[in-house]
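Chemist: Chains as they are written, first to last, in our numbering: chain R, 1 to 290; chain F, 1 to 139; chain W, 1 to 187.
Worth flagging that the hints you see were computed from the coordinates, not collected in a lab. All C-beta atoms in this analysis are idealised placements derived from N, C-alpha and C, irrespective of residue type, glycine included. Hints are supplied without guarantee of correctness; some may be wrong.
SDA-like, lysine to any residue: derived pairs with alpha carbons at most 25 Å apart [stated by the list, open to error]:
#1 W:Lys172 to R:Glu13
#2 R:Lys162 to R:Arg148
#3 F:Lys19 to W:Lys58
#4 W:Lys157 to R:Ala287
#5 W:Lys171 to W:Glu128
#6 F:Lys76 to R:Ala109
#7 R:Lys38 to R:Lys138
#8 F:Lys68 to F:Glu139
#9 F:Lys112 to W:Glu4
#10 W:Lys118 to R:Lys277
#11 F:Lys36 to R:Ala97
#12 R:Lys277 to W:Leu62
#13 R:Lys277 to R:Glu36
#14 W:Lys171 to F:His102
#15 F:Lys76 to R:Asp96
#16 W:Lys100 to F:Leu109
If you only want the chain W side, here are some residues facing chain F, beta carbon under 10 Å, derived [as the list claims (entries may be wrong)]:
#17 Glu4
#18 Ser6
#19 Ala12
#20 Asp25
#21 Cys29
#22 Val117
#23 Val121
#24 Asn122
#25 Ser123
#26 Gly169
#27 Leu170
#28 Gln174
#29 Arg178
#30 Arg179
#31 Ile181
#32 Gly184
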Amino acid sequence: MKQYAYYPGCSLESLATSYNLSTLEVAQKLGVDLKEIKDWNCCGATAYFPVDELLAHTLVARNLALAEKDGLSDFVAPCSACYKNAYFTNSYLKKDADLAEHINYALEADGLHVNGTMKIRHLIEVFIEDVGLDEIEKKITHPLKGLRVAPYYGCQLLRPRKDHENVENPQFFENLLSALGAESLDYPSKTRCCGGSLIVTNRKAALDMVQILLQDAVNRKADVIATTCPMCNVNLEVYQNQVNREFGTQYSIPVMYFTQLMGVALGIKPGKLGIGKELVSGEPVLAFAY
Amino acid sequence: MNTKIMMIDDDPDFVAGIKSILEKADYSVNVAYNPKDGFQALQAEHYDLLLLDIMMGRGAEGVALARKIRKDPKLKEMPVLIITGIREQIAFLFPGQAVHPHFVETDELVEKPVEPKFLLEKVSALLRLAEEKKSKVQE
Amino acid sequence: MDTELSFNDEIANVMYATHGNPIKDCLQCGTCSGTCPAVEFMDHTPRVIIGLIRAGYKDEVLASNTFWSCASCYHCSVRCPAGIDIADMMYALKRYSMWKGQHQEGLIGPVFSESFVKMIVNSGRSFEPLLAPTYIFKNGPQGLVQEAQTATGLMLKGRMPLLPKKIKGLKKFQNMVRRIIPIGEPS
């Protein structure tokens with residue numbers, strides 16, 4: 001059976017442990033064989049580029065090289081920032097021979113070599129493309145009937161890739177949620193930015209951006225916001241309290257990883273999906289499945 | 001014959017200063033502000049010496065360029081003086097010395113800012129060294 | 001080649017390698033500014049920044065918080081009718097200002113980038129609690145209380161590791177980094 005090189009990324013070891021747990025559980029249930037890349041390093045998110053872009057690509061290339069060394073051809077990241085970085089470094093390696101040569105010179109010091117031949121995808125793409133919505137639907141034991149979900153794509157899952165199905169109004173997340181039996185909402189902010197690392201570097205701006213996303217979900221009477229990225233999830237969930245303090249609002253809307261919703265619908269026990277680790281309880285969501 | 005120097009550096013103010021110092025000392029100086037144009041210029045014409053910056057474009061591209069020069073049979077004998085502000089720019093990563101990469105046959109590294117007198121000494125020393133090497137080969 | 005370099009060309013050089021020289025294609029249509037979710041927090045909109053670059057206003061550009069307010073969401077980049085990767089230009093400006101050591105005072109962005117990259121070069125992994133002090137330092141006592149409350153909540157939920165992780169092959173990893181950036185031994 002096909003194996004996938006799995007790159008969890010740093011957040012999934014700390015703030016987003018529930019994303020990692022639910023990813024592994026759901027993948028197992030769906031027969032997607034994820035093999036974690038050995039001794040991977042941080043991809044740098046957005047922080048390398050202001051210092052040295054060559055270094056940024058080299059550090060990402062090391063992870064690609066480790067995956068290639070395992071003889072695997074599919075690279076999967078659950079974090080949108082990790083995914084975007086891997087996707088672009090991989091494509092630059094193919095396009096820019098000078099860059100590839102220089103990066104390989106550096107990798108040689110680590111006993112590695114990169115070809116840029118991996119197929120790079122986000123986890124949600126692998127579930128939809130390789131497992132397929134029909135197959136997922138067949139395995140649903142606890143459909144999320146009546147659950148109103150705001151599908152939040154965020155940014156880097158879609159951008160700046162331009163060959164993606166539809167950058168402005170994608171539908172694949174909605175389709176997945178429908179397959180789970182949930183009611184997927186028309187969520188106008190679905191591709192609007194959550195602020196990303198501005199939550200650290202410009203707190204006021206980020207809280208403002210998060211507030212817009214929360215209000216939009218409330219306007220649509222969403223029961224939960226579903227995310228595909230640990231950064232989005234943290235900004236929307238962990239900082240909901242600070243948004244309330246800043247704007248005098250009373251938001252208390254659960255934010256869950258799409259893998260957690262998949263897991264619930266697939267009948268996996270909530271504890272195994274990391275449900276219970278939220279600061280804004282995800283408990284109300286479970287009532288729809290059980 | 002006039003000694004020809006190529007300078008590849010992305011900082012126009014620094015370039016203007018160094019260029020005028022060298023020209024006053026009767027060197028002929030040509031300038032490229034990015035590694036791509038610089039490499040093209042080096043291939044188009046012979047230069048006696050290269051002054052090379054490190055942090056340019058996406059990052060430490062000067063290193064990549066120096067490696068490319070070393071691989072080029074026509075260029076690898078050309079003496080290179082690396083003039084860099086790398087410690088000021090990004091040394092927070094490793095707070096040590098700027099390491100001399102030693103990518104080409106005859107090269108030396110100095111850090112910005114550079115005293116005019118010191119610069120001229122380094123330039124003539126490197127030119128002399130390259131000349132000696134060449135005559136040794138001819139013998 | 002041998003003529004004085006305009007500020008426009010300087011910035012083009014910082015981004016040329018992967019993306020061509022795109023700023024000159026700007027139509028000044030303002031799609032970027034209308035798209036940007038952080039525009040309210042910028043002292044110049046993205047469109048104005050491009051205009052200032054082309055007109056050679058180096059000091060005004062370097063003094064602005066615009067590029068440090070960019071969240072890298074790439075919405076402008078995919079919408080630009082002239083095909084300019086504006087988010088990438090913001091990275092180029094960040095780089096330019098980091099290397100020159102010239103940016104608006106009090107910004108957290110440059111400090112954050114510096115500590116983040118430093119952390120990764122020293123351990124191979126990122127560790128969120130290490131980043132917090134940078135933020136707290138800049139935001140004073142009130143920030144500290146809020147941050148501590150959040151951190152305690154996360155700790156109780158098992159989402160805050162107590163120890164930073166390190167990759168196993170750290171020494172070789174650092175040698176790899178040194179081949180890209182020729183800076184000396186760690187002291």
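Chemist: Please go over all the hints and tell whether each is borne out by the structure.
Modeler: Tested hints:
Our distance criterion of 25 Å between C-alpha atoms is met by Lys172 (chain W) and Glu13 (chain R), whose separation comes to about 23 Å. Distance check on the hinted pair: Lys162 (chain R) and Arg148 (chain R) sit about 30 Å apart at the alpha-carbon level, beyond 25 Å; violated. Distance hint between Lys19 (chain F) and Lys58 (chain W) is fulfilled; the C-alpha atoms sit about 22 Å from each other, no more than 25 Å. Taking the CA atoms of Lys157 (chain W) and Ala287 (chain R), the gap is near 22 Å; set against the 25 Å cutoff, the hint holds.
A distance of roughly 22 Å separates the Cα atoms of Lys171 (chain W) and Glu128 (chain W); the hinted pair therefore holds under the 25 Å criterion. Distance hint between Lys76 (chain F) and Ala109 (chain R) is fulfilled; the C-alpha atoms sit about 23 Å from each other, no more than 25 Å. At most 25 Å may separate the alpha-carbon atoms for a hinted pair to count; Lys38 (chain R) and Lys138 (chain R) exceed this at roughly 33 Å. At roughly 29 Å between alpha-carbon atoms, Lys68 (chain F) and Glu139 (chain F) are farther apart than 25 Å, so this suggested pair is violated.
The hinted pair formed by Lys112 (chain F) and Glu4 (chain W) meets the criterion: a straight-line CA distance of about 20 Å does not exceed 25 Å. Proximity of Lys118 (chain W) to Lys277 (chain R) is assessed by CA-CA distance (about 30 Å); at most 25 Å being required, the pair is judged violated. With a C-alpha separation of about 14 Å, the suggested pairing of Lys36 (chain F) with Ala97 (chain R) holds against the 25 Å cut-off. Our distance criterion of 25 Å between C-alpha atoms is broken by Lys277 (chain R) and Leu62 (chain W), whose separation comes to about 43 Å.
At most 25 Å may separate the alpha-carbon atoms for a hinted pair to count; Lys277 (chain R) and Glu36 (chain R) meet this at roughly 23 Å. Proposed proximity of Lys171 (chain W) and His102 (chain F) is supported: the alpha carbons are some 21 Å apart, at most 25 Å. At roughly 23 Å between alpha-carbon atoms, Lys76 (chain F) and Asp96 (chain R) fall within 25 Å of each other, so this suggested pair holds. Proposed proximity of Lys100 (chain W) and Leu109 (chain F) is supported: the alpha carbons are some 20 Å apart, at most 25 Å.
Look at Glu4 (chain W): its Cβ gets to within about 6 Å of chain F, closer than 10 Å, so that hint holds up. Taken as an interface hint, Ser6 (chain W) checks out: its beta carbon lies about 8 Å from the nearest beta carbon of chain F, inside 10 Å. Because the beta carbon of Ala12 (chain W) sits about 9 Å from the nearest beta carbon in chain F, less than 10 Å, this interface hint is met. Taking 10 Å as the C-beta cut-off, the interface hint given for Asp25 (chain W) is violated, the closest approach to chain F being about 18 Å.
A hinted interface residue such as Cys29 (chain W) counts as satisfied when its beta carbon comes closer than 10 Å to some beta carbon of chain F; here the least separation is about 28 Å, so the hint is violated. Hint status for Val117 (chain W) relative to chain F: holds, with the closest Cβ pair at about 6 Å, below 10 Å. With a least beta-carbon distance of about 5 Å to chain F, the hint placing Val121 (chain W) at the interface is held under the 10 Å criterion. Interface restraint check: Asn122 (chain W) against chain F, minimum CB-CB distance 9 Å, threshold 10 Å, status holds.
Annotation: Ser123 (chain W) was flagged as interfacial toward chain F, and the flag is violated, the nearest CB pair being 13 Å apart, outside 10 Å. The restraint placing Gly169 (chain W) at the interface with chain F is violated, with a minimum CB-CB distance near 17 Å, outside the 10 Å limit. A cut of 10 Å between beta carbons decides the hint on Leu170 (chain W): the least distance to chain F is about 13 Å, and the hint is violated. For Gln174 (chain W), the interface hint holds, since its Cβ comes within 10 Å of a Cβ in chain F; the closest pair sits about 8 Å apart.
For Arg178 (chain W), the shortest C-beta to C-beta distance to chain F is roughly 7 Å, which falls under 10 Å, so the interface hint holds. Among the interface hints, the one on Arg179 (chain W) holds; its C-beta lies about 8 Å from the nearest C-beta in chain F, closer than the 10 Å criterion. Taking 10 Å as the C-beta contact cut-off toward chain F, the hint placing Ile181 (chain W) at the interface holds, the least distance being around 5 Å. Annotation: Gly184 (chain W) was flagged as interfacial toward chain F, and the flag holds, the nearest CB pair being 2 Å apart, inside 10 Å.
Hint check: violations occur at hints 2, 7, 8, 10, 12, 20, 21, 25, 26, 27; the rest are consistent with the structure.
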